[in-house]
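If you read the sequences in order, they're chains A and B.
All letters in the first sequence, in the order written, are residues 1 to 143 by our numbering.
All letters in the second sequence, in the order written, are residues 1 to 143 by our numbering.
These are calculated hints, taken from the structure and not from any lab test.
Please note: incorrect hints may appear among the correct ones.
It does not matter which identical chain is meant; a pair holds if it fits inside one copy or across any two.
As the list claims (entries may be wrong) - Quick list of in silico lysine to aspartate or glutamate cross-link-like pairs, EDC-like style, CA-CA up to 20 Å:
1. Lys11 x Glu98
2. Lys90 x Glu102
3. Lys123 x Glu111
4. Lys90 x Glu41
5. Lys123 x Glu102
6. Lys123 x Asp19
7. Lys11 x Glu102
In case you want the letters, here they are:
2 protein chains.
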Amino acid sequence: MIITIDHNDPKPTYLQIVDSIRRAIATGALQPGDQLPTLREAAVQARVNRNTVSRAYLELEHLGVVRARQGAGCFVTSDGPALERKERLKIIQRMADELALEAHHYQIDIEQAIEMMRAGAAKLNIPRQSQTHHPADKEEEHV
Amino acid sequence: MIITIDHNDPKPTYLQIVDSIRRAIATGALQPGDQLPTLREAAVQARVNRNTVSRAYLELEHLGVVRARQGAGCFVTSDGPALERKERLKIIQRMADELALEAHHYQIDIEQAIEMMRAGAAKLNIPRQSQTHHPADKEEEHV
DNA sequence: ATCATAGTACTAGGTATACTATGACAATTT
DNA sequence: AAATTGTCATAGTATACCTAGTACTATGAT
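Start from the sequences and build out the full structure, keeping to the hints where you can.
Here is the structure:
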């Protein structure tokens, strides 16, 4: 169950799928070379349209974290992001600024916000507790 | 020139206006009791439609940082946010998680991202001298 | 009381995004 | 060859954003 959708979250469905996959990669649940769920599989599992998953995978491909091969499937790539470090830093700085502003506005101490960020990072760094491979995947037949 | 719009920024115009005002308040350029630019003034100055400014001011009112009085104008309120601390923490945690994930993905060290956040906070607290006293707060002596 | 100024309310139209729903197609695997 | 994969195209619905304009109501100074 890699992909989870929260219909209350205002964030677009396809971006939630993107985040799901990226989290799975960050935590090691998905490793370089692994195949993602197929479009149709994922669509059924997440109860969304094929195209929505397709949109998400396309986004992931643009991010450079997966590679889709027609007829074969969609696979996690090994190499990192393609952007210049300077560009990446700019993106992070922007997010950091916004977080600082928001924290200030909500009267949350900056150090506390930093602690929360450390916690957020810690959630990602439980790399691959085990390679639990479930053979019981074939619960659906095609319609 | 309190309000600045970046037409290249994908963020909605009205939210950019909201951020502009909130930054002005955070830095002290706008103080409690101060009047905001009128709808028509701001619309001309920012070269947007009145309704867009109105939308922004409405948002700010919902946030509780300004109070609009018909016929008189829109004024900065003194009191802080209306949300429960627990709710505010949840929002910040969500943003912190996302920032952590993004930093991880872009291979930016978490400590460096934290430094950027401190920098973001510093930008808010620099350009002002005291005179601002909030009622009922305690831990507010960060230099 | 009047009048200019402030915000408010409403309708309408254009553009863009998000998502669903199909159907057809192309490349790969078996 | 057949099945499975991603890809593409089109159409339709819904929603958000922004502009434009018109009319209204409350405020405060004269």
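Inset, instruction - Hints the structure violates: just list their numbers, smallest first. - result: Per hint list: single violation, 4.
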